[in-house]
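Participant: Below, each chain spelled out in residue letters.
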Amino acid sequence: MIAEAGLAALWLAAALALLQLVMGATAFAGRGDAARMVGGAVVGPAAVAQGLLTLLAFMLLVWLFTESDMSVRLVAANSHSAKPMLYKIAGTWGNHEGSMLLWVTILGVAGAAVALFERRVSARMRHATLAAQAAIGLGFFAFLLFSSNPFERLAPAAAEGQGLNPLLQDPGLAFHPPTLYLGYVGLSVAFSFAVGALLTREVDAGFARAMRPWVLAAWIMLTLGITAGSYWAYYELGWGGWWFWDPVENASLMPWLAATALLHSVTVLATRDALRAWTVMLAVIAFSMSMVGTFLVRSGILTSVHAFAVDPQRGSFILALLALYIGGALALFGLRIATVKEGAQFEPVSREGALVGNNLLLTAILGVVFVGTLYPLAAEALSGEKLSVGPPYFDATAGPLALLMFVLMAAGPLLRWRRDQAKALIRRLAVPMLAGVAALGAVLVFAPGIRILPLLGLVTAIGVGAASVAPLFGRNLRRTPLFIWGMVIAHLGVAVSLAGMACDSAFTRETLVALNPGEARMVGPYSVRLTAIDPVAGPNWTALEATLVAQRGTNAPITLKPQARSWPNPVTQTSESAIATAWDGQLYTVLGAQDERGRWQLRLWWKPFVTLIWLGGGLIALGGALALVGRVRRAARQPVAAFA
Amino acid sequence: MKRALILWLPLAGFVAFLGFVAHGLYAPADRSITSRMVGKPVPAFDLPEGAPGRGRFDSRALATGKPRLLNVFASWCVPCVAEAPVLMELKRRGVEIDAIAIRDRPQDVAGFLARHGDPYRHIGSDTVSRVQLAMGSSGVPETFVVDGRGIIRHQHIGDIRAENIPDILARLDEAAR
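Same order as they appear, the protein sequences are chains A and B. Read left to right, the first sequence gives residues 1 to 644 (the UniProt record's numbering). Read left to right, the second sequence gives residues 1 to 177 (the UniProt record's numbering).
I should point out that these hints are in silico values taken from the structure, not numbers from a laboratory. It is possible that some hints are incorrect.
Said to hold, decoys possible - Label-pair ranges, simulated between beta-carbon atoms:
no.	chain 1	residue 1	chain 2	residue 2	range
1	A	536	B	48	17 to 27 Å
2	B	52	A	534	23 to 33 Å
3	B	82	A	451	45 to 55 Å
4	A	451	B	127	41 to 51 Å
5	B	20	A	12	37 to 47 Å
6	A	159	B	108	14 to 24 Å
7	B	20	A	201	28 to 38 Å
8	B	127	A	12	50 to 60 Å
9	A	147	B	44	49 to 59 Å
Glycine residues also receive a C-beta, built at the ideal position from the N, C-alpha and C atoms.
Sequences are here, hints too, so could you generate the full structure?
Facilitator: This is the structure:
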């Protein structure tokens with residue numbers, strides 16, 4: 001019964017999305033005042049009801065998973081009654097159908113929130129925006145109902161489920177997809193606003209202020225999702241790296257890059273009424289990147305370690321949606337943007353100028369990642385040759401662009417709006433530049449053999465770190481607005497992350513050793529002794545577990561227990577790394593196979609300051625959150641009429 | 001006029017992108033996995049008995065002049081249950097099958113064979129997956145076609161289903177030549 005109720009709720013929600021689209025369009029463009037009034041009166045409630053019904057459908061699916069109802073095909077294929085409860089719940093979205101339902105749920109709830117709370121744009125624009133949001137929703141409803149029904153029954157019911165990919169059976173990954181989806185779908189709202197603004201020709205500061213919290217929220221979620229995903233890949237895959245330029249990782253990085261550019265250009269539009277066309281374009285690109293990312297991951301078009309749901313039919317469906325939405329928005333852009341007046345002017349040396357530079361560099365990095373991700377596909381299409389573009393390409397292209405952008409990031413916040421003096425800027429940058437030079441000297445003295453890119457990274461990190469806090473100099477800290485604090489902390493987070501990446505790349509020590517129990521080896525400052533190898537069993541896996549005792553100087557020894565796990569269902573081998581975290585880095589251990597002489601292979605890394613990478617990611621998201629709270633509070637204090 | 005053209009560039013780029021991915025989607029690439037071990041001899045092993053009373057299983061027992069299957073399975077593996085009747089059918093058609101039981105206990109293997117049938121001549125017990133990894137196998141079930149000289153000729157990943165029988169028989173014929 002629950003599955004049928006869920007399916008009914010989904011159909012009803014789809015019908016309401018259709019109503020929302022028709023009524024929104026009528027309210028915006030209908031003939032006669034009566035039609036417009038009726039449309040305007042219905043579109044909001046339709047959006048709210050649609051959001052609630054999709055939420056209901058999703059909760060019912062979660063219920064089916066917690067009950068391990070094996071008469072539902074999706075549950076039988078992706079769950080197992082022996083799974084811990086957390087992973088039963090996470091199993092809801094750990095598969096194609098469930099994650100698409102989660103996607104459409106967030107989309108519907110976001111639409112409801114726009115209908116309920118958004119009062120800063122004109123009624124006409126709100127109606128057009130809600131119609132656009134409904135149009136996006138409808139495509140995904142059709143996808144779910146016609147090609148990926150999550151509530152399909154299985155007759156006869158399965159005796160037992162087939163489990164969840166053990167790689168995904170991890171608390172980090174249980175929450176990774178929902179976080180990313182919140183980001184993707186938040187960008188859908190920005191996209192709908194952009195479409196609404198193009199339709200109404202209201203591409204102005206008011207539109208930017210309405211869109212900004214959604215962009216900020218989406219960006220925070222993407223930042224958290226990417227940071228968590230990176231840490232997950234780092235400790236779960238046992239390769240000892242933190243970023244692999246894997247197509248699936250790139251699929252989430254590309255919308256983040258676009259959202260970061262959008263976040264900055266939307267601020268220029270909201271504050272200075274400049275960069276109108278560019279901001280609309282970025283809003284379209286940011287959501288397009290979310291959809292392209294989803295398409296790349298789900299169509300099986302790119303092979304990757306963690307792409308799933310390889311299915312050309314579904315791929316074609318998403319491709320059709322891409323063509324419809326992105327193609328439609330770009331065509332609308334081409335038609336309408338020429339009629340949008342250019343915004344305010346500014347000098348090259350100004351806050352706007354720096355932000356334009358930042359936007360161009362972010363877009364260039366986005367282009368580089370996009371090309372690198374799709375190049376293998378293009379090459380195969382043109383020459384039939386299989387090849388892959390690895391980290392060397394991305395490091396060599398994205399690395400220098402990113403460094404240049406960090407330098408600009410240090411200068412931007414210290415510039416005045418509209419016009420500024422280059423001399424004054426250099427004066428304000430004196431302290432950060434000195435810090436960078438001091439760092440350069442220190443690194444060259446203490447680590448003379450360092451490679452050029454990590455060296456530049458470290459020096460830039462120190463300089464950017466000093467420059468990020470510079471906007472606080474001479475301010476009354478208690479009266480500094482929250483969104484300034486947000487900017488400072490987010491920029492500091494970038495410096496912290498960059499320092500972590502540079503340290504990891506420059507100073508990591510790695511050894512691959514084969515030990516008999518009782519033997520020890522040095523890695524970095526640690527002496528690591530293998531004391532035992534034991535079989536252990538978990539709720540749904542068995543493993544060999546090494547007991548390692550690591551000692552640093554005369555400190556108390558630490559015990560680490562890396563495992564080589566076997567999962568019966570589906571059959572998979574995973575390496576559970578064991579990591580010891582110290583204030584200045586991490587000791588990372590992985591248990592390998594036994595060699596022919598009976599010794600156990602161990603992979604040991606000492607990674608100085610690697611934790612700064614994720615600490616920085618957390619700071620960036622925290623900065624975004626502070627800015628969001630600051631903006632929302634300020635908007636709430638000002639009378640609504642000021643934005644009308 | 002010039003500005004107007006620039007405004008349509010994003011759409012043009014997007015259409016090109018659509019063309020590429022549509023091509024990639026409808027001309028799917030060959031994604032079959034080929035083991036590095038195909039064409040190489042089975043790595044030498046000498047395993048203890050996988051089920052009570054069956055004796056040890058030595059890799060030299062493979063080179064008998066007749067092609068055979070080497071099945072990697074386990075009593076705790078659910079797809080292996082689905083595969084069991086297909087292996088029985090292959091045995092009925094005269095195929096010789098040996099097995100390596102992975103991370104298993106002999107009494108559990110005996111129970112599995114009692115429930116689902118016993119198509120195997122030899123069964124070795126690989127309690128720590130050492131031979132399995134040396135074979136280039138990463139999961140259960142997997143099946144290797146080994147020719148009469150002990151050389152691996154084909155690797156079938158996952159359970160053998162009824163529809164795979166003609167392919168497996170053809171591979172065995174090919175290995176016999």
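Participant: Take the hints in turn and mark each one as holding or not.
Facilitator: Verification of the hints:
For residue 536 of chain A and residue 48 of chain B, the Cβ-Cβ distance of about 22 Å falls inside the hinted range of 17 to 27 Å, so the restraint holds. For residue 52 of chain B and residue 534 of chain A, the Cβ-Cβ distance of about 26 Å falls inside the hinted range of 23 to 33 Å, so the restraint holds. A beta carbon spacing of about 53 Å between residue 82 of chain B and residue 451 of chain A agrees with the range 45 to 55 Å that was offered as a hint. Residue 451 of chain A and residue 127 of chain B have their C-beta atoms about 45 Å apart, which keeps the hinted 41 to 51 Å range intact.
Between residue 20 of chain B and residue 12 of chain A the Cβ separation comes to about 38 Å, which falls inside the hinted range of 37 to 47 Å. Restraint check, residue 159 of chain A to residue 108 of chain B: a C-beta distance of roughly 19 Å satisfies the suggested window 14 to 24 Å. At about 34 Å, the beta-carbon gap between residue 20 of chain B and residue 201 of chain A stays in the expected band of 28 to 38 Å. In this structure the hint that residue 127 of chain B and residue 12 of chain A lie 50 to 60 Å apart at CB holds, the actual value being about 55 Å.
Judged by the Cβ atoms, the range 49 to 59 Å given for residue 147 of chain A and residue 44 of chain B holds: they are separated by roughly 50 Å.
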